[in-house]
Amino acid sequence: MAGKTLSIRTKSETPETEAADASPEAIEPAETAPADAPAAKPEKLKARPVAKKAPAKAAAKPAGKGQNLQDIFLNHLRKQKTPVTMFLVKGVKLQGIVTWFDNFSILLRRDGQSQLVYKHAISTIMPTQPVDVELFEFAEEARGKRMLQDVFLSSVRDAGAQVTMFLINGVMLQGRIAAYDLFCMLLEREGYVQLAYKHAISTVQPITHVDLSGDWSEDE
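Numbering (UniProt numbering), first residue to last: 1 to 220.
In case anyone wonders, no lab produced these hints; they're calculated from the structure.
Honestly, I wouldn't trust all of these hints.
Capping the alpha-carbon separation at 16 Å, the derived lysine to aspartate or glutamate pairs in EDC-like fashion look like this [claimed, not checked]:
#	residue 1	residue 2
1	Lys119	Asp71
2	Lys79	Asp102
3	Lys198	Asp150
4	Lys79	Asp132
5	Lys90	Glu137
6	Lys81	Asp71
Just need the whole structure built from these sequences, with the hints factored in.
If you want it as structure tokens, here you go:
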């Protein structure tokens with residue numbers, strides 16, 4: 001009976017010692033391996049997060065001093081050599097490329113022939129291909145007291161309302177007022193724009209209601 005008890009005790013003691021010997025061997029290589037890795041990784045992570053996207057916001061700038069809407073519009077057409085359709089106040093249609101202009105006239109060229117067109121006789125100028133409206137949207141300069149047409153046109157423009165515009169010769173135009181200055185307005189519709197001179201316009205009526213109450217409070 002004593003030999004049987006001795007054999008059981010020896011078997012229970014041997015696995016405990018074997019497990020104790022195996023455990024430190026498995027832990028030691030796991031601690032020595034990652035010792036070199038963390039030293040090189042944080043240097044690469046610090047060099048990557050660099051934000052350099054701020055200059056993109058500075059792309060949209062207002063127009064320079066002394067420039068008005070029609071100068072920016074005509075200068076763009078001249079540089080791009082964009083064909084235009086020009087309507088006179090009496091309904092005559094002219095077509096060609098704007099090659100030169102000043103404060104009073106525009107030089108139109110077609111098929112090698114040039115003709116001088118006076119601005120007081122022009123009602124609208126429309127490029128024959130779509131033009132990006134954002135090129136002509138610029139901040140207005142403060143002029144002191146605002147005139148009635150400035151209050152009305154700025155409210156309609158900011159609201160993005162569609163308007164119906166009648167010229168003095170009875171022609172009806174429709175679109176959105178994208179920009180304006182003292183002498184003309186830029187009308188946009190379905191990607192196409194046209195410059196309408198104020199001396200050729202009789203009425204401008206928004207299709208939807210536009211609130212003007214907030215712009216009259218500080219005038220008087």
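Here is how each hint holds up against the structure:
Our distance criterion of 16 Å between C-alpha atoms is met by Lys119 and Asp71, whose separation comes to about 12 Å. The straight-line distance between the Cα atoms of Lys79 and Asp102 is roughly 15 Å, inside the 16 Å bound, and the hint therefore holds. Distance check on the hinted pair: Lys198 and Asp150 sit about 13 Å apart at the alpha-carbon level, within 16 Å; holds. With a C-alpha separation of about 15 Å, the suggested pairing of Lys79 with Asp132 holds against the 16 Å cut-off.
Restraint check for Lys90 and Glu137: the C-alpha separation of about 29 Å exceeds 16 Å, so the hint is violated. Of the pairs offered as hints, the one joining Lys81 and Asp71 holds, with about 15 Å between alpha carbons and a cut-off of 16 Å not exceeded.
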